[in-house]
Every structure is written in structure tokens, then in C-alpha cells.
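K.L.:
Let the hints inform the model, and build the full structure from the sequences given.
Those sequence lines, one after another, are chains A and B. With the working numbering applied, the first sequence covers 1 to 296. With the working numbering applied, the second sequence covers 1001 to 1250.
Hints in this document: simulated from the structure, not taken from any laboratory. No experiment lies behind these values; they were computed from the predicted model shown. Glycine included, each C-beta is placed from N, C-alpha and C at the ideal position. There could be a bad hint or two in this list.
Said to hold, decoys possible - Here are a few chain B residues that face chain A, going by a calculated C-beta distance under 8 Å: (1) 1079; (2) 1090; (3) 1108.
Unchecked claim - Label-pair distances were calculated between CB atoms; the ranges are: (4) 277(A) <-> 1022(B): 48 to 54 Å; (5) 1109(B) <-> 279(A): 34 to 40 Å; (6) 279(A) <-> 1232(B): 41 to 47 Å; (7) 179(A) <-> 1241(B): 35 to 41 Å; (8) 1131(B) <-> 201(A): 26 to 32 Å.
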Amino acid sequence: MSGPVPGATGPVEADAVRPPARRAARYSGRSLAIAIVSTLLVFGAIAVVVASSPGWERVQRQFFDWGNFVESAPDIVARFEVNVRLFLIAEALILVLGLVIAVLRSLPGPALFPVRLLATAYVDLFRALPGVLVIYVLGFGIPGLRLPGVPNDPFVWGVVALTLLYSAYVSEVYRAGIDSVHPSQAAAARSLGLTQLQAMRYVVLPQAVRRVIPPLLNDFIGLQKDTVLVSFIGVVEIFRQSQIRQAATFNFTPYLATALVFLLLTIPLARLTDWLVSRERSRRDAGAAARRGGAA
Amino acid sequence: MSEALRIEGLWKSFGDLEVLRGLELAMDEHEIVCLIGASGSGKSTLLRCINLTEPIDAGRIVVGGREITAEGIDVDLVRRGIGIVFQSYNLFPHMSVLDNVTLAPRRVLRLPRADAEARATELLERFGLADKRLDYPDRLSGGQQQRVAIVRALAMEPRLLLLDEVTSALDPELVAEVLNVIRELAAEGMTMLIATHEMGFARDIAHRIAFVDGGRILEQGPPDRLFTDPAEPRTRQFLQRIIEAGRLQV
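P.N.:
Below, the structure written as C-alpha cells:
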């Protein structure tokens, strides 16, 4: 019904379209000006309120002590190495465990019901529990059992706790990806003689994983920050180090240094995630357009 | 001629909906049978049952003398010998054309990559797709995608090929290139069971037309007889509608 516009109305339509386009350009110039002015106003107001508050001088001394910052920063940055190790080891384990759980939950058939049940129970449990509790229970509880051969290094139990916690979330991300691959893909693979697992491995998972890379990165931003929770069971990492510094000087500036380290690491990762999301979207749109163009 | 396919008393329901109701059908090797009938008459379901994509409720399906619906049969083994091509192509979008075609030969038949690729290239060349072998499916037209899907099924050297309305999703001007591929397969003696709405094509290519109605084969026979002198009133009615829609010249 919405066929080509009849020739006679063509020029009229084109004229009707052009002025709004110019108007849009003017609007965007004005919007930019409004955005700049309102940003200056809002942040200026916040600065005035904070700086004119009765306790500002004290807070400034306590949190923004340049001398303290210069002195404590090297220690704190060096300790960040522990967080990076925690993060990298846990991340590798989470990527594997999360995938295994997601695949187990996606396997069909009545015979595999117990497997699905266990996987589901695991995900429910570790998504329900506050992370700090799991870290406490594992970090203090298991070494407390004094089982022979079981390590009592809190770093190890920190990695285990973070892995268990985040694998539950990550398996859900994977599962959403697996569910987003149309069942006809697995059907086509099975029709060629591939087994259930081969169809998963070669056809479903490659498509699923590609789609969930942005939400996976999102979870890993969370993981990076949650590495500080491991300080609760006695691992001296960046947050613990800044606590030690704070206790020695009665000044909170070391926490500011810690916050800066996380900002510098996390913001680029967040931008990367956004970029990947938009690239994935435009690639999908381009693919759809190519299909339409090719079919036409 | 030896028997390629025999279906006895096939029943299949989805919930309360009985799609196949005691369907019977037999095919010889090198025979081409076209299934015609209204949408929802059970043509696609029948093909999916033969490929063991859908579990059946009752009946027997025998392919090349072996009952594939028997207890304890290896489903994956059966599917290797039965190719199926779907209306919506279902190519794997994350793989090049070549990888689409070689996936099953490599992973199922365990052919070395070089052998699988040599065979795939040969097939792609034969169907005019050699220059597309490194392209991804979203770069291809619908007709090209469907030809790749046929090649992908052929790469497993099936003894029976099932085609499920393979031109229904295509723009009219792309239908011919896909039908020509099927004609070429027919000339080679491929055994094919084809569900189609392309009546002219069915009349050209089929040795036998089977009219599916109410979950069974209501009437079957050589195209000349079935299209011009159907015995059943339901068949006549269906063909009348097709002719009125301009899909069949008498």
C-alpha cells in the first residue's frame, strides 16, 4: 500500500521535508548552548553549597591533603597488584564456570532434569547471598575446619568466593545469549547429523557469546570493584592498604587515592563496553540492511 | 527399483491439534515426489518427522530398508543420510559459506579440513557459488543463501533429500535459480521429497504428486493425471483455488 510516491507529489514532499531539516540544525546548536549553561549552573551550585558548608574546611583537610596523597599513593598503587591478580584469576575461572553452568541449564530432555535442577539451585543460591557473607563463610569457615591439604590462604578463598558469586551472574548472561539464538539454528545443525553438544559448541555458542560480550564486560566492572571485599578476610589489597594508611595518619586522603585508581581503570572499561554495544548494534543493522538489499 | 522411503500409519499431534492422522507414503529410489496441499495440512510436519526433528506419536518410518523410528536407533546417524532444506535457509550467520558447507563433513564424518573443503568447493562451483565461498551469509541474496543451504545438505551425500517449501521465502525473480538447482539434482537421480506451492514446477519435475489433506495423503498420482483429472472433490477444490490464484496454468 505504501508504494512509491506518485511523481507529481514528489517535489512538494521534498520542499516540505527541507525546512524541518534546517530547523533541526538550529535546534542542535541551541541545545548545545543550553546543555553547557545548565551544566555550569548545576555544578557551580553544588561547588558553592559544598564550599560554603560549615564543615568544609575540616573535610578538605581530612580528604584532600595533597602532602598525604603524595606520600600514600605509591604504597596504595603498589597494593593494587593484589586486586589485579584476584581479578584476573577469578575472571578466567568465572568465564569457564559460568559457561559450563549455562550450558548445563540449557540441555533439554527429561533425563537431564537433575542436572538442570542443580545448576538452577546454584544460580539461585549465589545470586541471593550478599557477597560479603560468602567471602566471610568461605574465608573463615573452611580454613577453620582444619582439613589436611586444604589451603588456608585467604587469597585463595577470596578467589573461590568471587568465582562462585560471579559465575552465577555470568551464567545467566550466557544463558540469555544462548536463548537469543533462534532454535532453527540448532535444528539446522542437528539435521546435518551434529550431536546436541556439537550443535551447541559450533553453532549456538559462537553466536551467543558474541552477543553477550558487552553485558559480560559490565559484570567484570562489578567484579573489579568487588575485589576490595576480600579485604574483610585479611587479604592486604588496595582498600586494606588505604585503611592501614588512614589509621596511621588519621587522614582519609588514602581512600581518595584508592577511589582514583578504580576510576582510572573502570571508566575506560565502561566506555569500551558502550562502544562494543553500539558497534554490535550497527553491525546487526548493517547485516539486516544487506539482507534486505540483497533480497530486493 | 528399490524402496527409498516407506511411511506407515504416521500420527503426530501438537497438543490437541492432530497434524498427521495415519499418513501412508512410499517412495522408490531416484523418485521425486511433490507434496502439495493447503498451508497447515501437515507437509512440513511430515518432512520434519522423516528427519527425526519431530518425535512421532505412532507409526513407522523406514528409510532404505531400515526402520528409523525403532527403539534405540542412533538419531544422529540417521540424520546424516537424510538431507533437509528449510524455507528460511537457516545458514549459520557466523560462518563463511565454505565453513557452513564443511561443518558437518568435518565434525560428523571427521573428514580432514582439506578434503572437506575440496569437496565443498567442487559442489559450490557446480551450482555457481564458487566466488561466494568466503562470503558470510548476510552478504548473499535469498536465492544464493538457499542454494548454499542445498549445497550444505548435499555435502553429507544424503540418499534422500527433503525440501520444505524452499522457494516460499524468496522474491519471485530469485525462485528460478533455486528451482534450477533442484532440476539439476533431479537429472542426477537424487531421491527427493518436496513440499511446494510452485505447482508449475511440481508438474515439471515430479514423478508423482501427493495431495496432503487432513493429515494424510488424500490422493496421489502422476502429475498429468492429478493436475488435470483429480478423483477427489477436495483435490479438485484445492486445485481450483490454485488456478484462480494464477499459480497454475491448465
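K.L.:
Just tell me: holds or violated, for the beta carbon distance of residue 1131(B) and residue 201(A) against 26 to 32 Å?
P.N.:
Given a distance of about 30 Å, which is inside 26 to 32 Å, the answer is holds.
K.L.:
Is the distance from the Cβ of residue 279(A) to the Cβ of residue 1232(B) consistent with 41 to 47 Å?
P.N.:
Because 58 Å falls outside the window, the suggested range is violated.
K.L.:
Can we keep the residue 1090(B) interface hint, with Cβ of chain A closer than 8 Å?
P.N.:
Holds. Min distance 4 Å.
K.L.:
Holds or violated: the 35 to 41 Å window for the beta-carbon distance between residue 179(A) and residue 1241(B)?
P.N.:
Cβ of residue 179(A) to Cβ of residue 1241(B): about 40 Å, so the range 35 to 41 Å holds.
K.L.:
Does the Cβ pair residue 277(A), residue 1022(B) satisfy 48 to 54 Å?
P.N.:
holds (53 Å)
K.L.:
If I claimed the Cβ atoms of residue 1109(B) and residue 279(A) lie 34 to 40 Å apart, would that claim hold in this structure?
P.N.:
holds (37 Å)
K.L.:
Does residue 1108(B) pass the interface hint, meaning its C-beta sits closer than 8 Å to a C-beta of chain A?
P.N.:
holds (4 Å)
K.L.:
Identify whether the interface hint at residue 1079(B) stands, where standing means a beta carbon of chain A within less than 8 Å of its own.
P.N.:
holds (5 Å)
Checked against the numbered hints above, the structure violates only hint 6.
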